[in-house]
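Chemist: Below, each chain spelled out in residue letters.
Protein chains: 6
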Amino acid sequence: MNIFEAENYLNKILKVETFNDFCHNGIQIEGTHEVKKIAIGVSFNEEFLNEAIKQNCQMMLVHHGIFGKNFFKLTGFQKKRIEKVIKNDMTLMGYHLPLDSHEEYGNNISILKKLNLLNPVPFNFGFIGNYEEKISFEEFKNNLKKVFENQELKIYKNNDFVKKVCIISGDSANTIELLENKVDTFISGETKEYSKAYAQELKINFINAGHYSTETFGVKNLAKLLEEKFNVKTVFIDIYNEI
Amino acid sequence: MNIFEAENYLNKILKVETFNDFCHNGIQIEGTHEVKKIAIGVSFNEEFLNEAIKQNCQMMLVHHGIFGKNFFKLTGFQKKRIEKVIKNDMTLMGYHLPLDSHEEYGNNISILKKLNLLNPVPFNFGFIGNYEEKISFEEFKNNLKKVFENQELKIYKNNDFVKKVCIISGDSANTIELLENKVDTFISGETKEYSKAYAQELKINFINAGHYSTETFGVKNLAKLLEEKFNVKTVFIDIYNEI
Amino acid sequence: MNIFEAENYLNKILKVETFNDFCHNGIQIEGTHEVKKIAIGVSFNEEFLNEAIKQNCQMMLVHHGIFGKNFFKLTGFQKKRIEKVIKNDMTLMGYHLPLDSHEEYGNNISILKKLNLLNPVPFNFGFIGNYEEKISFEEFKNNLKKVFENQELKIYKNNDFVKKVCIISGDSANTIELLENKVDTFISGETKEYSKAYAQELKINFINAGHYSTETFGVKNLAKLLEEKFNVKTVFIDIYNEI
Amino acid sequence: MNIFEAENYLNKILKVETFNDFCHNGIQIEGTHEVKKIAIGVSFNEEFLNEAIKQNCQMMLVHHGIFGKNFFKLTGFQKKRIEKVIKNDMTLMGYHLPLDSHEEYGNNISILKKLNLLNPVPFNFGFIGNYEEKISFEEFKNNLKKVFENQELKIYKNNDFVKKVCIISGDSANTIELLENKVDTFISGETKEYSKAYAQELKINFINAGHYSTETFGVKNLAKLLEEKFNVKTVFIDIYNEI
Amino acid sequence: MNIFEAENYLNKILKVETFNDFCHNGIQIEGTHEVKKIAIGVSFNEEFLNEAIKQNCQMMLVHHGIFGKNFFKLTGFQKKRIEKVIKNDMTLMGYHLPLDSHEEYGNNISILKKLNLLNPVPFNFGFIGNYEEKISFEEFKNNLKKVFENQELKIYKNNDFVKKVCIISGDSANTIELLENKVDTFISGETKEYSKAYAQELKINFINAGHYSTETFGVKNLAKLLEEKFNVKTVFIDIYNEI
Amino acid sequence: MNIFEAENYLNKILKVETFNDFCHNGIQIEGTHEVKKIAIGVSFNEEFLNEAIKQNCQMMLVHHGIFGKNFFKLTGFQKKRIEKVIKNDMTLMGYHLPLDSHEEYGNNISILKKLNLLNPVPFNFGFIGNYEEKISFEEFKNNLKKVFENQELKIYKNNDFVKKVCIISGDSANTIELLENKVDTFISGETKEYSKAYAQELKINFINAGHYSTETFGVKNLAKLLEEKFNVKTVFIDIYNEI
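Chains as they are written, first to last, in the working numbering: chain A, 55 to 297; chain B, 55 to 297; chain C, 55 to 297; chain D, 55 to 297; chain E, 55 to 297; chain F, 55 to 297.
Since the hints were made in silico from the structure, they are not lab data.
Hints are supplied without guarantee of correctness; some may be wrong.
Any copy, or any two copies together, can satisfy a pair, since identical chains are not distinguished.
Think about it this way: if two alpha-carbon atoms lie no more than 20 Å apart in a straight line, the pair counts; the simulated SDA-like pairs of lysine to any residue are [claimed, not checked]: (1) K108 - I67; (2) K257 - N295; (3) K218 - I67; (4) K218 - L169; (5) K141 - I107; (6) K133 - H78; (7) K141 - H87; (8) K90 - N178; (9) K257 - E137; (10) K141 - L279; (11) K167 - T129; (12) K133 - Y185; (13) K208 - N197; (14) K133 - N228; (15) K188 - P174; (16) K283 - E100; (17) K236 - N65; (18) K200 - K217; (19) K211 - E101; (20) K236 - F215.
Go ahead and model the full structure; you've got the sequences and the hints to work with.
Modeler: Okay, structure coming up:
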């Protein structure tokens, strides 16, 4: 697989031009142009990088690459990460917001489908969906446990039933304020100090299913796309993180 | 106690004019001007408000009052909160960043002193302090448990000892990036998805002692100041929050 | 009438989403949800509010509600206004720029029609219209006196005739600079120190028909819309203001 | 008098470097460098300019010169004004905010002194002063009439007495909101639609003494300074304006 | 020719409303409204102005008129220029970016055509075009010398052939960074200190054909348009400038 | 020499904290911490880098390092440069504006001293100095030729003598506009299309002594400082550039 062809292919699917993000979406470090095996992951960090090298990958494709707009400066732990990438002639490719919000391959639509929710409507960087008939909160919790098997769920229950659900992966806890009278249940990836009180007063069930755990779906979908299109191998490297 | 005299007194001590904050520091809702009993707390929310009313307080003094700069609009759950405050003729007073960073009464300096750290130097909205001789991480952990009795501590240990510590209460996890080669240990009030990897690669012990739990100290100090100066009663209302 | 249905109805007609205004357009204070009688007015102030209460209104609909984007702070005379609204369980709804510029129900199009001007073209927040044949300034002044019966008109005459007229209600005096060679007559709602000299040098008749007086038309039109759609009673409360 | 020496002299006295104004303070159009007679006025406009030429002035010194920051463009009535200045080889010098707020020669301090108010403290672009003992509103009104002889005063009386007064010349009506509990009387140079209601609810006497009329004092003071320093003639050209 | 009709005519052709430029495009100084002869040039300066007057022109049409957004201030050498324009009752008209980038009359498309390049695609304020077959760099250089007869070309050769060329007139040297892997040759109008190294490492032939020399084409095209439409005389005044 | 000690030492001398620059001043790429030989140069580029490697340097100290504030992205020719630095374990240190304007070691003060100008006063990023008595332009030109031996000087002569001179290295040509009536001679490092006309109308001698050639002095001064302080070897690598 040629890394520039892969970048063009994903950029078009994810419509990266239309996003005002916190990082460059696409190739963040250019390595060898021809790639046989790709390490797929949520976050670029040293542990992930070491494992990718061990598994003979020439490229990393992640949701959290390198963030921020600053004057060029390569020092400290960041320089160590980048040095290792360059000395191993690897490519780092990152897709952030376009991967949260994509209507077919994104993190949130994937969770929505796994929970059998219907009629997805985009909201912020996620989606709102609903069940045809309301179900009990217990039944919903069981569904959640199947989708997020290894994740300890943080739950603030404020309704006995679930019908309309908003899902926004990652650090989305503050969005609950915009959901008043819109949904009965909100799945986020982080919890803030005010989340409990807001959820209670807005009468919305609040579930934190983990920043990491809500954001494994999108990159796995991209892996499949690249496998099919370019006949390349991929491996998901799970540096699990309870946050 | 007259609320305007109290506001003037605290504004001067906390030097509120020098801060660029996310809320108005001082009186956020003006109620009855004469106050006999004050409800002290971390966060203004309905549960706290109900308890303050029950305990016959005429004023609330909190760290997290009402945030944000928007066009005037009183609707939904926020309107309900404010309606209850107004109908009970209560005053709401809030102090945020000035209370985190104050060098005598602030949240962070208080934690620093309770941990017997020395030589406090302001850093961001908190402080860096040190022990004269390095101590073992186990000993430090025991100290922490005494300061934060009821709080489950989230710990990423990356050094066997502790000598130089940075303390920043609340949502400060991203500040770790600025601490490379500056400290061996960082106490924050929240954890981010990247905290574990950053702590490991920066070789810094990371402790999340809770957003709520790290921010109870400042308001309690203000309570004492008002009691002494104005001969008013105060009661700390503990709407505990594990976040 | 349900206040949220009324807000949705007016928001759509007035296309509030398309404006970058100085206040929130729509519900500014949420009161009782079911409303039988609405106080219609130009400006929300204590005198207007007292009269609305006296006349048993549950809602106020005004052109000048509460303006400005600031950190939340309810003190002083503003707190007194809002306290009275809340204790009387009333709703305050405000529509500002969308009501000046609306092409059917707005303040300016209404004045244009009453003056029998033709071919309205939007300009700034108002309209430019014309007569088929030019008329004498005296005839135009008589027309104006019929439209603004009780208002003392401030007039700087610089042409003997009137053919093409720009109308912008309220504080629009500075817009005259953009009208050079475009119109012979300008109707504004305020006068500035430079208005006399500008009008003279630009050779434009300048008429200040009053900020208040030029802005009574739009809210009256909304009153009719709500009466017809929701079968609710309305009363125009005229707290006249010579400015 | 050399125009550059005069500019240096006034710039220093008025500390123009410290202001963030809406125009260039100092020489706005450079004409003949040696000047024998100066036309002093509130506002630069064609009528003022014609009179200055008629009276054989080589320079105009005004409070309202040419405002605004735009791409260079000399067209229409502005070009006609400037053409006339250039063809008559005249200099235009303007001082705006520095002349409102100066503590010795400014518009507001001059009014304060003429009203025999004491203890001037800077506030916004004006001053707050007070009487030793409160006087009746009627007595104060008589004082005002002597200072602003030919000006029709717009008065909203909300207190029977006057003790503490804020004076801000020109278009300052919106500043009343900042004066709650600070003064009993406010002298402005313009009236807004909301001024009556604000004054009433804030319980402040509001007096509009005219934009033009409140701003004649500063330029006259500058005239005296130039006469004394440079032995130049000056004439105040009164293009009176009731606004 | 009436200057306002000419301005309307050119504004429409050049679509000036769609540009975010560094000057006002159109009439910058309004002079006599009827014009018989126009001085055409690259830059408005005293030498050009003197020649235009000598040749009895009533209007100047240039690429570089008066730039910048500042408070109004006519002093020094700029005042001298403008005074001379006004005293000779001349009009100054300027068109900047719209004239660089126009797809039929612009500076860059004109150069592209004269070099017989094909398939122009807009890039930045210029165009990219190509030859059907690559030609030798020597042949290309000969073509260039015919287009820019009197101009000393600055050349950094990094390829032996030329096939795909980007042309951006004027001060465009920094744009080379955006051309990596897009073209083999870049024609600019200025050279920066880094141009040589960038061209070498990007493997792009860099040619500086002069700021002045690359920007004579557009204004000449406008001259023809005005001659044909309005039957007016034009003369190109060549104040040559080796930069 | 330790690179962090060197950075601290230079940061203090050059007061880098006080500058709002276009790049990070200090270590831009962290390489081996202990350095024996430093390559000194004006600009970081591949040719310079190759020579630095060839001469066994472990660090490069330049005036033009890596500029710009963008999302992290290492691709194309920039990635090739950085890869080579990292693979050779080298450090890149850059000082830009602080080195132009330093009052003892800067580029401009150095030129001023070599020309025997007196009484240096900071102006923009350079200095204004003067001769006690004016000298002929020819004598001054001879002085210049000694300071800039190998540089072809671009000269626009507009005065027969030289007394007061402004020196601003690099791309400073537009600053001439601020020098009206302040100096008779201006030394810059670049020429713009308008420089000739401006110089002529402002009556200022304009000399472009080359961007590269005016900026070799500062880095050589830093080299001496590091040699003396840290006993390290330095070599000036002259990748001469006529611009």
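Chemist: Indicate, hint by hint, whether the structure satisfies it.
Modeler: Evaluation of the provided hints:
1. Proximity of K108 to I67 under the C-alpha cut-off of 20 Å is found in neither arrangement, the shortest distances being 30 Å within a copy and 46 Å between copies.
2. Taking the shortest Cα distances, K257 and N295 sit within 20 Å of each other only across copies (18 Å), while inside one copy they are farther apart (30 Å).
3. For the identical chains of this complex, K218 and I67 are neighbours neither inside a copy (28 Å) nor across copies (29 Å), given an alpha-carbon limit of 20 Å.
4. Taking identical chains as interchangeable, the C-alpha atoms of K218 and L169 lie at most 20 Å apart only when both belong to the same chain, with a minimum of 12 Å there against 47 Å between chains.
5. Taking identical chains as interchangeable, the C-alpha atoms of K141 and I107 lie at most 20 Å apart whether they share a chain (11 Å) or sit on different chains (18 Å).
6. In this homomeric assembly, K133 and H78 come within 20 Å of each other (Cα to Cα) both inside a single copy, at 18 Å, and across copies, at 15 Å.
7. For the identical chains of this complex, K141 and H87 are neighbours both inside a copy (14 Å) and across copies (19 Å), given an alpha-carbon limit of 20 Å.
8. In this assembly of identical chains, K90 and N178 lie within 20 Å of each other by CA distance neither inside one copy nor across copies; the values are 36 Å within and 37 Å between.
9. For the identical chains of this complex, K257 and E137 are inter-copy neighbours only, at 18 Å across copies versus 50 Å inside a copy, given an alpha-carbon limit of 20 Å.
10. In the homo-oligomer, the alpha carbons of K141 and L279 never lie at most 20 Å apart, since the shortest distance is 28 Å inside one protomer and 34 Å across protomers.
11. Taking the shortest alpha-carbon separations for K167 and T129, neither the intra-copy value of 43 Å nor the inter-copy value of 33 Å comes in at or below 20 Å.
12. Neither within a single protomer nor between protomers do K133 and Y185 lie at most 20 Å apart by alpha-carbon distance, with minima of 48 Å and 30 Å respectively.
13. For a Cα distance limit of 20 Å, the shortest separation of K208 from N197 inside one copy, 15 Å, qualifies, whereas the shortest one across copies, 28 Å, does not.
14. Taking the closest pair of Cα atoms, K133 and N228 come within 20 Å of each other only across two copies (18 Å); inside a single copy the shortest separation is 33 Å, beyond that limit.
15. For the identical chains of this complex, K188 and P174 are intra-copy neighbours only, at 16 Å inside a copy versus 53 Å across copies, given an alpha-carbon limit of 20 Å.
16. Taking the shortest Cα distances, K283 and E100 never come within 20 Å of each other, neither inside one copy (29 Å) nor across copies (37 Å).
17. Taking CA atoms no more than 20 Å apart as the test, K236 paired with N65 passes between copies only; the shortest distance there is 18 Å, against 32 Å inside one copy.
18. In this assembly of identical chains, the alpha carbons of K200 and K217 lie at most 20 Å apart only when taken from the same copy (18 Å versus 44 Å across copies).
19. For the identical chains of this complex, K211 and E101 are inter-copy neighbours only, at 16 Å across copies versus 36 Å inside a copy, given an alpha-carbon limit of 20 Å.
20. In the homo-oligomer, the alpha carbons of K236 and F215 lie at most 20 Å apart inside one protomer (15 Å), although the nearest pairing across protomers, at 50 Å, exceeds that limit.
Checked against the numbered hints given earlier, this structure breaks hints 1, 3, 8, 10, 11, 12 and 16; the rest are met.
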